[in-house]
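Novice: Just so you know, the protein sequences line up as chains A and B, in that order.
With this note's numbering, letter number 73 in the first sequence gets 73, and the count goes up by one each step, no holes.
With this note's numbering, letter number 417 in the second sequence gets 767, and the count goes up by one each step, no holes.
If you are wondering where the hints come from, they were derived from the structure by calculation, not from laboratory data.
Treat the hints with caution; some may be incorrect.
[As the list claims (entries may be wrong)] Label pairs and their calculated CB-CB ranges:
id	chain 1	residue 1	chain 2	residue 2	range
1	B	Gly483	A	Leu328	39 to 47 Å
2	B	Glu498	A	Ile322	49 to 57 Å
3	B	Ile632	A	Glu89	43 to 51 Å
4	A	Glu89	B	Asp452	32 to 40 Å
[Unchecked claim] Covered, in the sense of this in silico footprint (three residues per stretch, anywhere, with C-beta under 8 Å from a C-beta of chain A), are these stretches of chain B:
id	region
5	486-494
6	551-560
Using N, Cα and C, we set each Cβ at its ideal position, and we do this for glycine too.
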Amino acid sequence: MKHTQGRNRIRLFRALGAAALFGGAALLGLSACSKSRPSSGEELVVYCPHPQDFIDPIVSEFEARTGIPVLILSGGTGELLELMARGGEPPCDIFWGGSLSITSPQKELFEPYISAGESEVREEFKNTEGNMTRFTDVPSVIMVNTNLIGNIRIEGYEDLLQPELKGQIAMGDPAASSSAWEHLINMLYAMGEGDPEQGWDYVERFCENLDGKLLERSSQVYEGVARGQYTVGLTFEEGGARYAASKEPVRLVYMKEGVLSTPDVVCIAKSSSHKEEAEQFVDFVTGRDAQSVIAGQLNRRSVRTDVSEPEGLPPKSMLPVIQDDLELVAERREQWLEHFSEIYEKGLSK
Amino acid sequence: MKKERYFREELQRLFIGLAIVPAVSITLICCFIFMGLLLKGRWEENTAQRDYTADRLEQLVSTCSQELERLELFGGLFDGEPDAAERAEIFEEIYRSTSGLDYEAEFYMLGADRQVILTDGSSVPDFLRMPSGVSWGIFATMESHPGETVLRLLDGFRQKGAALALGRAVYSGEALQGYLIFLLTDSALQPILEHSAAQTVVTDPFGWTLLSSSSGFLTDSHQLAREIRAGGTWLSYGRQLYLMSVRSACQGRLRIYVLSDVHNIVISLALNTALVITALLIMTIWVFAATRKVTEKKTEDFYRILDVMDQGKKGNLDCRVQVESNNEFKTIADAYNGMIGSLRQQMENNRRMAELVAVSQNRQLESQFNPHFLYNTLENIRYMCRIEPETASRMIVCLSGLLRYSLDGSRTEVTLREDLEHLNNYLTILKYRFGTRLSCAIDVEEQTMDCMTPKLVLQPMIENSVRYGFGNREHLSVELKAYIHEGNLVMICRDDGAGMTQTALSQLSRLLEQKENKSRHSGLYNIHRRIRLLYGQPYGVEIRSAEGCGTTLVITLPARREENIC
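Bound conformation, chain B alone (with noise of 0.2 Å):
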């Protein structure tokens, strides 16, 4: 399963690392990019009106202190109320000065008394109505520079009338003659700010508006707003984000400010961002999603084989895998398939011919029959037919039902019951070889019966005792027993003989281990060996024995009746 994780993986690395973020970065540089230009456009434009501004403006200053240096020279100004000829030629002159200038400039010339000598403009406003004696507003910054052109922002705190006024006070030797005025109202120079689509508000160091395109950006005291004056490139005003430049204009007098609204440059590029982030995120979930399904479905027959392969590997070699694409899995898979298909048959082969190896055996090994015992119950017959040939003649009845029993070859196994049959031929033949030496007891239960045994396997089990248990005694007491244990059928051979030595019981019990016999206890090695053959592990003979307390054989067999399991 760590495989198929790792596929996936990669997978979900390819789709997210060549697709999603090459995607979602390309968008989001395009994105910055033309944001970015438009903000470079909005500042460019921003820049070039503050700049027009300050041009125009500093422009405007420096024709009317020229114009005022220029008049002042023009003689006889204050002497006394001009005639109507002085007045035309002093009008003259101002109207030369003014024309030359792109905005409307009034005009005002006072005398010492601040009483109006002149002027082009139609009222007089309230800034200039100032007594005599009292410094205020534009004649304090005259008065204070003598000799001077001065600039001053009047009445910057009215919604309408603020004015920037040049001025000089002349003065002959040290006695004041009279003042000169240009007045640029604020009506009159409007027209700056429509040059551009950025929003231009000029005023004086402190905040005092001369100009303005909205009064959005002011006080009620029409004062640019503290946050502005105090903002920097980036301004965010009134829930709006600005972009802001600024700059000193007529030796720091005057402040311009032009703000270009770059809100909703911002808010669509945080919309953009926010959009291309949101989708990245539904597109990571979905490439999680879809790679596990687009995986699952496309190893389906990988995992298929592999698990086919696992199987194979615990030894079921009965799965084959089923690939219904038709791509390199199926190639993988017939040829795995064909593999498997060949192993089989290989391994059934191999069994088949253990089989009848085993059958050649078993059959080589039940058709021995012990010489000693046949020389032995032939000695016996001999003796017999001498003193009682009725008793000779039915131990050779016996012997060749035991015979024939033993050579019979169509059957490897018989019932329990056709087993013990034929033991009670050899029995007889030993009653009458031991007479009453020898006392046997049968117990076999009924239901084991009709168990199928190998075929002569009780015999060898009192043959055992026979030969080993008298040893000097005089009599030997053999019991044998059958019953079903476990699904198992257990014989149990007991005789109260001699029994084993130590060395003797292992001996025989490694022997029982090994595959060929070389010795003469062919017996028990011949049963013990056949039904290894037939039934495999853990089925067997077992001998417990102790010197001087008897043995008991113990076999024991899968329980089977006839054709069928019990």
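Pulled out of the complex, with its shape left as it was, chain A reads as follows (with noise of 0.2 Å):
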């Protein structure tokens, strides 16, 4: 009796379980199908801050050339470098912009390599390092918004520390973004006269007039602006060029104390697994065409001799270049950004 009454039972609960199961089985099925995840095995990875409208015309001509898929991944200078170091996924494959001064002290990141056409590369911009390859040359430059500036006269740094101005000037933290690194290194040279420690007088009248406002990103910098949402802002030449170039109601301003216009640069990782596909990559980039490119349609300029200078923008021998002691700035890079924070933190505490 109680082998039937367990034979029962146990049939009884098959027949349930095989309902269930039927049920739950296309289910289970439709949710197993979709679960696959896209590999990055096959794409070339590039970490990239540059905008993403300067990135994608060369980048979709790089794989109909090439056939090589690229996956982009977008950020700060600073988050990206530091990803890389840290050995974030996807491994990074290139280091694709980024200015000199900044990506240089991580140089040890970087696989030596020099460029098919590092012969053409202007004198100032050789691939000295071995595995630092220039890209462009990327001038700092004061953002104005026209529709919104009024009557202030905007002409350098001294201009931005009009009271009108207090809370109505965008820039990026210098320890996020390179072009607000930039702008920095620019401010100490340019403001102390050729010392940059002499500058850190104006870089605190300066963060007075910010406000306590400091971007994540220098992307937040250009589209702030742009927008509407900050009257001037301090970003690099190509960031607003794009905007004048398009008829927005946008105004470069060349800083009359000086502009400092260091090169970005495109470097192949060291832990790269397709070393072959990064060097076409580093190649197209760095060749005629897409310099051309980027000169003629995307408003930066180029590091090639070969290649004439952007149209729209003034030639480079009309801008009051100042220079940079490339060595002391990586030196001092960690003891300078700690000085900011430190004149900012004052600055939020008033």
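Two chains, each in its own frame: build the complex with the hints.
Specialist: The following block contains the structure:
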């Protein structure tokens, strides 16, 4: 009798179980199908702080020409460098962008490579380190929203101290954004008249006028000014020039106290598992075609001798260019960032 | 109780096996078939849209490239700035080419310096304003494939203004003469997407998008999301579930992704399944509860019959089966009740018959007076008549009282007091017979006096002592006791006589247990037999004796007073 009972129960549960399974199976099947995630194994991974609008035409042309798919990881220069040093996922093949002054302290992350077009590169942008291929020449500029500026005269850093601009200045965090870091160096050298340590006095007064606003990413600066959230912004030339070129109410001001023009770089990561493709990428973006398009349509200054200066931008010879000491800057980076942060914090607590 | 469980299990199995499981299975199967049909419909719509898109694009591309090849053969295209007549002739040709197309295509003719010579478009897009010498975009592709018509997606990264470009670089010998280009813009191709409800995305192999029904599938760079590009037929994207089919077109230059939203279908499928399974669970619980109740109710009569049968098996025949319902069980119950009734009648008859037999046997037994005693007493009386006629006369009075008592058939049981009175007659006779040789002590508790005993129960005890106790002795003393012990009336007759040999004792004991007496020891046997007949086991006579140590007789009876039990 007990056996019969047991069998009956088993049969009963089997029937119930079958019904439940029948229902569950389809759903499980469905969810299992959709679990597949793309892998980055086939793609060239590029860590890149450039604006999206700048990246897309170049990357899509590279893909069409070489057939190598590219995966872009966007972010601030500091953030991406940190991710790369940490060995983040997906692993970096190419570090494309970021000014020399911010990337060179981390140059041990990059694989030595001399690009195919190195011989055509201007003397001042030669890859002297062996693993830091210069990509473009990036002067720092002040971006002005012409709808908001009214009668305020902006010709240089000094003009940013005007009380009418208090809280209206967009600047990135120099620790995270390479364009903001460039501006800090530019301020120190330009306002210290060659001696960066003399420039801190200006930085203090400037920070007061920031009114406690510091942006996390450089894109927030040019977007903020173009959208009218800020009247002026401290950014890099191309960031503003794109808007000026598309006839938006934006004007670029090259600081009369002096403009620092630091190149940005395109480097192959030591950790890259696509060395050959990475080399093709570096050759492509520093090649004549890409550099011509960058200068002709994307508002950046080429590092090559055989590419003419961008239309719509003043020739470099017209700019009040000043020089910095790259080694000194690299050496003092931590110290200066800390100093700036102190000044900024002081402004906040007031 | 096992049977009840089995019956209930059987019922549950019937319910589940014949009702719930088939119902649920059929519901589920129908549900799945329905869903399957819906999904199949979606899938067919999806693949139809995919094939339609691919066919339209391929047809368009092949027509355009044929036209380009035809135009290339058109003489004198690049021979300097065409005059009005030549322009008209070329335009006539272009219009004839493009009018055959279902979608509007813009035509561009560029010189070797990449300056536009002729166009029917309104404005020249940026990607055609490429300075000569820069190998970029469509120009790079055309120059790397001289003499071929090339296909290239341009500005796929822009929200608006992506275009499919078909172009040919025209060479005269080694020298580049110019370029012929058809542009199919996204806005011109938009009608392809409106052909079906399924969502369509047309990209190049890297995901840059030409056409898209929904911007939700695209990244900020207007690139098809990587999850979709890597996805399979079942695609989960943005919390929605899609059926996706992919197809390459135009020699792999384009990829067509068609996505059908099946989220609602799958959600309703899941909901339905969950509902059916919940219903199944509830019904199963209900069946377990209900069958218990139903079987308990329906089998109540059944178990009532079983219960009464169990009782009957244990000997209790007083129970009757009470069945209220009017069904088969009623018939069974009635039959059983009838059977038990007649059985009880039969047993009652048997009992009465046995009683009658016992009574008549008892009468016969109690009337058996020992003839030896009678003989001896009569001898004594004869002797006494000579020497002491007074004593003889008294002896005769005692004997006649004794005889009358023993012959009185009206009563079977008397009180101990009464029996004692008549024992005195016997003892008087014995005293005359034995004189000082016999001494008799009677010690009867007062409370035992009213207890009922069979008639003439004491006399045989004394008789037994006198008969076997003297042996060769001169003197014998007999002690008679009666008391109540644990609800029993115990009567003891002890003598200090010769006692019995072990053999005699066991012979006597055996004799007592026999149903019939063929020996001459009738006195003790009779009293034992009568007690057994009247009161049953374990009452009766017990003999304890040892040679030279006297004999003790113990009679045990239920202690009853007249009419009521003590």
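Novice: In terms of beta carbon proximity below 8 Å, does the region 551-560 of chain B have 3 or more residues touching chain A?
Specialist: holds (count 4)
Novice: Taking 32 to 40 Å as the stated bounds, is the beta-carbon spacing between Glu89(A) and Asp452(B) within them?
Specialist: About 47 Å separates the Cβ atoms of Glu89(A) and Asp452(B), which means 32 to 40 Å is violated.
Novice: For the region 486-494 of chain B, do at least 3 residues have a Cβ located nearer than 8 Å to some Cβ of chain A?
Specialist: Contact hint for the region 486-494 of chain B vs chain A: holds, 4 residues under 8 Å.
Novice: A range of 49 to 57 Å was offered for this pair. Does it hold for the Cβ distance of Glu498(B) and Ile322(A)?
Specialist: holds (52 Å)
Novice: Does the hinted range 39 to 47 Å hold for Gly483(B) and Leu328(A) at CB?
Specialist: 41 Å Cβ-Cβ, so the 39 to 47 Å window holds.
Novice: That 43 to 51 Å hint for Ile632(B) and Glu89(A) (C-beta), does it hold up?
Specialist: holds (48 Å)
Violated hint: 4 only; the structure is consistent with all others.
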